[in-house]
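For chain A, the structure is supplied; the task is to place chain B on it using the hints.
Protein chains in written order, with full-length UniProt numbering: chain A, 1 to 230; chain B, 1 to 230.
Rather than coming from a laboratory, the hints here were simulated on the basis of the structure.
Remember, it's a predicted structure, so these values are computed and weren't measured experimentally.
Note that the Cβ used here is the ideal one computed from N, Cα and C, for glycine as well.
Check the hints yourself; a few may be wrong.
Stated by the list, open to error - No farther apart than 27 Å at their CA atoms in a straight line, the calculated lysine-lysine pairs in the DSS-like style are these: (1) B:Lys26 with B:Lys151; (2) A:Lys77 with B:Lys40; (3) B:Lys95 with A:Lys77; (4) A:Lys108 with A:Lys2; (5) A:Lys2 with A:Lys77; (6) A:Lys135 with B:Lys108; (7) A:Lys48 with A:Lys26; (8) A:Lys108 with B:Lys135; (9) A:Lys40 with B:Lys108; (10) A:Lys211 with A:Lys108; (11) A:Lys40 with B:Lys40; (12) B:Lys26 with B:Lys95; (13) A:Lys211 with A:Lys175; (14) A:Lys135 with A:Lys48.
As the list claims (entries may be wrong) - Distance ranges between label pairs, derived from CB positions: (15) A:Ile160 with B:Val138: 34 to 44 Å; (16) A:Asp54 with B:Met27: 35 to 45 Å; (17) B:Ile221 with A:Leu28: 52 to 62 Å.
Stated by the list, open to error - Calculated from the model, a selection of chain A residues having no Cβ within reach of chain B, i.e. all distances over 10 Å: (18) Lys2; (19) Lys45; (20) Asn91; (21) Met123; (22) Glu152; (23) Ser173; (24) Ser219; (25) Thr220.
2 protein chains.
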Amino acid sequence: MKTLVVVSHPEINNSQTQQFLMQGAKMLDVVWHHVEGLEKIDVNKEQKLLMEADRIIFQFPLYWYAAPAGLKDWEDKVLTRNFIYGDGNDNLMDKEFGIVVTTGMPLKDFQRGGSENITIDQMMAPLRAIADRAKMRVLPVFTIAQFQYLKENQQMQLLIDYQRYLTQKYPNSLKHRQEWFIREFSDRFKNFDETNYSECETILDTFIQQKEDLEQLRSTIDLIKQGEED
Amino acid sequence: MKTLVVVSHPEINNSQTQQFLMQGAKMLDVVWHHVEGLEKIDVNKEQKLLMEADRIIFQFPLYWYAAPAGLKDWEDKVLTRNFIYGDGNDNLMDKEFGIVVTTGMPLKDFQRGGSENITIDQMMAPLRAIADRAKMRVLPVFTIAQFQYLKENQQMQLLIDYQRYLTQKYPNSLKHRQEWFIREFSDRFKNFDETNYSECETILDTFIQQKEDLEQLRSTIDLIKQGEED
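Next up, chain A with everything else stripped away, as it sits in the complex:
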C-alpha cells in the first residue's frame, strides 16, 4: 500500500508536533508532502502524486475549525472538478482518505456546549464531502490533542498509533493490527539474532494482547461512566 501524507503547516519547522510526526512517517515507506514547502503548485504533478497513492492523508493543525489556508489553496488549485468527478472521471475512486488533525485545545472542548461548541467530526465534514465526491473510502479522523502535554510513554504510543494510521490495513481489526506489528517490528528487529527475534515476537504478541485488554477495559469504563451520567 502506498500512502501519501499531504501536510499543511505554515511554520512546520517551529511545530514540535509536526516534527515528531515527520520522524514517525520517515520510519515508514510513505510520501511526506508539505504543501507550504512547494515552490509553486504544479497541478499535473500534484494530481499524479494523488493518483499513485492508495491512501491519501491530509494532515494539519486546526486553524479556526478547518485546515490552514495553505491546504485550501492547494485544494482549490489541484482538485479540479474534472480531475475529481467531471466528464465521468473517477481518478481517486476507492482510494482511502484519512485526516490527521492536531490541536492545542483539550478534546473535551470540541462538543456542543464545550468552549469550541463544535465537534472535530463536524469540522471535517467539508473535507469528507470532497472524498465522497471523489468516491473515496473515508477513514475515521485521527486527532492529536495537546501534544505538548503528553508524557514520553504517551508520545511513543501516539507514534505507533500514528504509524498504524498511515499504513495499517483498514478496517482496524485485530488481524490487521497483528499483521502490521509483525511486519513493521520484524523490520526494526531484523538486526537481532534468531533467539532474540523469537523473543521479540513473544513480546510483541504480549504487547498486542495487553493493548487489546486495555482497550477493552477502557470501553467498559466508558460504558460504566455513560451509565452513571444517564
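Chain B alone, transformed into the frame defined by chain A:
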C-alpha cells in the same frame, strides 16, 4: 446599522454573480471589502474595520464545500486568538454575523443522498463556530444557487432579498421588513412628487402583502409536496 461585507473571490471581475451583488450593495450604505483585492493584509486595519461594523457578512462562492483559500488566509491572519477571545477580549461580541454563499449547483444537491451529500448548513459550521467563539449573533445563511439560470424578475427579487440581508434589522419580522422597504424605497422615490409618493407607498404595502401571501403559499405547497413524498 453599519454593515461590512467581506467578499472573497479570486476572479471577482469575471464573476457575474459578484458583480451583480456589488451593484446591489453599492445602492446601500455598506462597506464592500474584497479580500483578494487587498495589496497586503494589514491586521490592525482589518480588525478596526471589523470593530466598526454592527453586522459582518462573509460572502463567497463555494469552493470544495468551503470559502476560497483567500478568505481562509484572511481569517488565519486577521482573526488572532487575542482579538477574538484571548485575554478576556470580546471585540466582536453581540455583532451580527451573516454568510452569503453562491453556488453553481442546484440547492437540491446539498443534502444527504444528494450528489453533494452535505447541506450548506453543515458546510458553514466552521464559520459559525468562529462567530460563536467571538460571541456574535449568527444570522441564517443566505444562499444563491445557479444565479446564471435566474430570469430577470427573479434576479430583481434576489437583489432586494440580498439588500435586506445586508441591512434589514434582524429578525426578519413583518415589521422589520416594512420598515426596511419604507426606508429604502423612500430614498429611491424621493425625486417623486407627493402624489406619486403616496401612490408608491400604497404599491409598496401591496407589494409587501403580496410577498407575504406568496411566501405563505409556497410554504403550503412545500408541506403538500412533503406529504406526497412521505
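Do the hints match the structure? See the list:
| no. | hint | result |
| --- | --- | --- |
| 1 | B:Lys26 with B:Lys151 | 22 Å, holds |
| 2 | A:Lys77 with B:Lys40 | 21 Å, holds |
| 3 | B:Lys95 with A:Lys77 | 34 Å, violated |
| 4 | A:Lys108 with A:Lys2 | 34 Å, violated |
| 5 | A:Lys2 with A:Lys77 | 23 Å, holds |
| 6 | A:Lys135 with B:Lys108 | 20 Å, holds |
| 7 | A:Lys48 with A:Lys26 | 21 Å, holds |
| 8 | A:Lys108 with B:Lys135 | 20 Å, holds |
| 9 | A:Lys40 with B:Lys108 | 37 Å, violated |
| 10 | A:Lys211 with A:Lys108 | 24 Å, holds |
| 11 | A:Lys40 with B:Lys40 | 20 Å, holds |
| 12 | B:Lys26 with B:Lys95 | 22 Å, holds |
| 13 | A:Lys211 with A:Lys175 | 13 Å, holds |
| 14 | A:Lys135 with A:Lys48 | 17 Å, holds |
| 15 | A:Ile160 with B:Val138: 34 to 44 Å | 41 Å, holds |
| 16 | A:Asp54 with B:Met27: 35 to 45 Å | 54 Å, violated |
| 17 | B:Ile221 with A:Leu28: 52 to 62 Å | 58 Å, holds |
| 18 | Lys2 | 24 Å, holds |
| 19 | Lys45 | 19 Å, holds |
| 20 | Asn91 | 15 Å, holds |
| 21 | Met123 | 5 Å, violated |
| 22 | Glu152 | 29 Å, holds |
| 23 | Ser173 | 27 Å, holds |
| 24 | Ser219 | 29 Å, holds |
| 25 | Thr220 | 33 Å, holds |
This entry does not satisfy hints 3, 4, 9, 16 and 21, going by the numbered hints stated previously.
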